[in-house]
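Visitor: Numbering-wise, the UniProt record's numbering puts 440 at position 440 of the sequence shown, and it's gapless, one number per residue.
Everything labelled a hint here was simulated from the structure, so no lab data went into it. Glycine is no exception: its CB is placed at the ideal position from the N, C-alpha and C atoms. It cannot be assumed that every hint is accurate.
[As the list claims (entries may be wrong)] Here are the in silico distance ranges between beta carbons for each label pair:
#1 Thr23 x Arg348: 37 to 47 Å
#2 Ala252 x Glu371: 23 to 33 Å
#3 Ile268 x Arg212: 42 to 52 Å
#4 Glu543 x Gly341: 39 to 49 Å
[Claimed, not checked] Heads up, simulated DSBU-like pairs for lysine-lysine below, C-alpha to C-alpha not over 35 Å straight-line:
#5 Lys255 x Lys182
#6 Lys512 x Lys255
#7 Lys433 x Lys546
#8 Lys182 x Lys296
#9 Lys345 x Lys396
#10 Lys512 x Lys345
#11 Lys4 x Lys182
#12 Lys60 x Lys182
#13 Lys396 x Lys512
#14 Lys4 x Lys255
#15 Lys296 x Lys32
#16 Lys433 x Lys512
#17 Lys32 x Lys396
#18 Lys255 x Lys296
#19 Lys296 x Lys345
#20 Lys182 x Lys211
#21 Lys296 x Lys60
#22 Lys396 x Lys546
#23 Lys512 x Lys4
#24 Lys345 x Lys4
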Amino acid sequence: MPIKQPQNAQQQLQYLTHIIWQTRPDLQLLFKHSASEAFHMWLLLHGRNEYQGLAEVLPKVPLPLLEQPDEQAHHKTTPCLTRFMRGIWQSRPDLQAAFDLAQPEQQQSFIRWYFLFGVNEHQLENYLSQAQLTWLLSSAYSDVHLPNILMLVWEQDPALQQQFSNPKAPEFLNWARQHGRKQYPLLETLTKVAERQHPSTAAHGGATAPKRPFGINLIGYANGQFGIGEDVRMAALACEAADIPFTIYNVAPGKEVELAASQADQHISDQLPYAINLFCTTGIETARLAAVEGQKLFDGYYCIGYWPWELPEWPSAWHIAYNYIDEIWASSRFAYHAYIGSSPKPVRHMPMAVNVESSAQQTRRDFGLPEGDHLFVFSFDFLSSVQRKNPQACVKAFQSAFPQGNEPVGLVVKAMRAEDNNPLWQALQAQAKSDPRIHIINQTLTRGEVLDLYRACDCFVSLHRSEGFGRGIADAMMLGKPVITTGYSGNLDFTTPATAALVDHQLTVLTKDDYPFGEGQHWAEPNIEHAAWWMRRLVHQPEIAKALAAQGQRLMQSAYAPNSVGNYYRAVLNTL
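Throw the hints in and build the complete structure from the sequences for me.
Guide: Laid out in structure tokens, this is it:
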């Protein structure tokens, strides 16, 4: 089984720096750009404590910042003041008060403090340059071996100078061996650190993966109540149905995502026992995990990115993510073409499983919905971009289809994590207030409750601008509901003229603010009047709605049921 090519340490650091910068808007506000010295100071002083990937790679790379002399370094001080030392001084008011670096003697005292105390306080033992290590371990005298580090200790401590008037004396060396290491921790670690090298081409990984049993480690948001969390839970069902050994490595989502227990919990483990890692996350999140978790999720595993993507091209800013996987599984042909244009790794079309067995036994009454009306339903998550999901189009089409206001119809808009200050959401609420037939549900429901809501309604509507897969559409079709949907993007794998009411559209170019990394790409603008025509038609000609629903359900059951998808998985995995 071939695995991804090893990255040398310098490449790893470049990748991680890019990943951290791109995923941290707070740092982008603090620093001018990712190449700034101030940002690299942050990586060294703080970033390595937040990102395991940095902690692993930084000691392996020669870092000019650690050795470059400061502009005000005094020529008589040895070793000299570096830019990194000054960075620490600038970050600590106590050091600025204690040492005036403009004065040569004070500068020398600060350098002494740095080696004797600062290195330990900031956990910099692995970040001493080779030149600094050599100097610290070299003898301060030619006639007796007294390492410079011990000379610094003696110069620092007046009590030692009084006790040992001559630092060359054997008594001082004995004191250093017996007591000095407790007072100055650097003495304890310095000899070990001296063995460390800075190989600029240190590789991780290898030509082949170590022997591990057949199976998949599913990596994703097992408890996250959002669409991509459902991806890993459905992958688990597919593996279970096809008797593929698997475990789930749970990733904590952001604070804005609610958590809930599920059947997947019994499979969660912090171990990665199988030979293959399947990342049921976005490509961006896979790269971020490389920074946060380090190489334990990648080294020696065959890594597959089961990455959703909703636009025609994978963004060039994140081509770097390809370095962390061996191949990509695209859940739709639309996503397949988005990756195949730029991926240096193999790309496979691999559908996602759809299962709708879950139920909370809720009805229209539980949701506060009218019993006799013909109800259309649309569900979306603000985390998935309100512009892309386009709920306003559903409202406009509904009101255009039934303009009188007294028709026995209704529109249910199920939202999650809506932002009160979002203009689009405010406009949607205003429309709902002016039309009692529009019912807004803004809360996080369990999986069973969401499916019960779909069961309680007559038709699912999605006038999205683009979908990577279209799980809500797929769920509704698996439930045997007719769907009205934009005839564009990932859903076209299963929404055909025979299985769904496809809405005409025009392609429009995205601006910078429309979608992350989407500027210059395009998506669909669904035709409101055509959607309204479909709404009227399915209400007035229920036999058409029934035929579409039946055909759609048959397609979903044959191609997207967990056992079908699981068999696809197994067929591919057996070839790796």
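Visitor: Confirm or reject each hint.
Guide: Structure-based check of all given hints:
no.: 1; hint: Thr23 x Arg348: 37 to 47 Å; verdict: violated (27 Å)
no.: 2; hint: Ala252 x Glu371: 23 to 33 Å; verdict: violated (41 Å)
no.: 3; hint: Ile268 x Arg212: 42 to 52 Å; verdict: violated (19 Å)
no.: 4; hint: Glu543 x Gly341: 39 to 49 Å; verdict: holds (42 Å)
no.: 5; hint: Lys255 x Lys182; verdict: violated (42 Å)
no.: 6; hint: Lys512 x Lys255; verdict: holds (26 Å)
no.: 7; hint: Lys433 x Lys546; verdict: holds (32 Å)
no.: 8; hint: Lys182 x Lys296; verdict: holds (34 Å)
no.: 9; hint: Lys345 x Lys396; verdict: violated (43 Å)
no.: 10; hint: Lys512 x Lys345; verdict: holds (28 Å)
no.: 11; hint: Lys4 x Lys182; verdict: violated (45 Å)
no.: 12; hint: Lys60 x Lys182; verdict: holds (28 Å)
no.: 13; hint: Lys396 x Lys512; verdict: holds (25 Å)
no.: 14; hint: Lys4 x Lys255; verdict: holds (33 Å)
no.: 15; hint: Lys296 x Lys32; verdict: holds (32 Å)
no.: 16; hint: Lys433 x Lys512; verdict: holds (32 Å)
no.: 17; hint: Lys32 x Lys396; verdict: violated (43 Å)
no.: 18; hint: Lys255 x Lys296; verdict: holds (24 Å)
no.: 19; hint: Lys296 x Lys345; verdict: holds (21 Å)
no.: 20; hint: Lys182 x Lys211; verdict: violated (44 Å)
no.: 21; hint: Lys296 x Lys60; verdict: holds (17 Å)
no.: 22; hint: Lys396 x Lys546; verdict: holds (24 Å)
no.: 23; hint: Lys512 x Lys4; verdict: holds (33 Å)
no.: 24; hint: Lys345 x Lys4; verdict: holds (9 Å)
Violated hints for the displayed structure, listed by number in ascending order: 1, 2, 3, 5, 9, 11, 17, 20.
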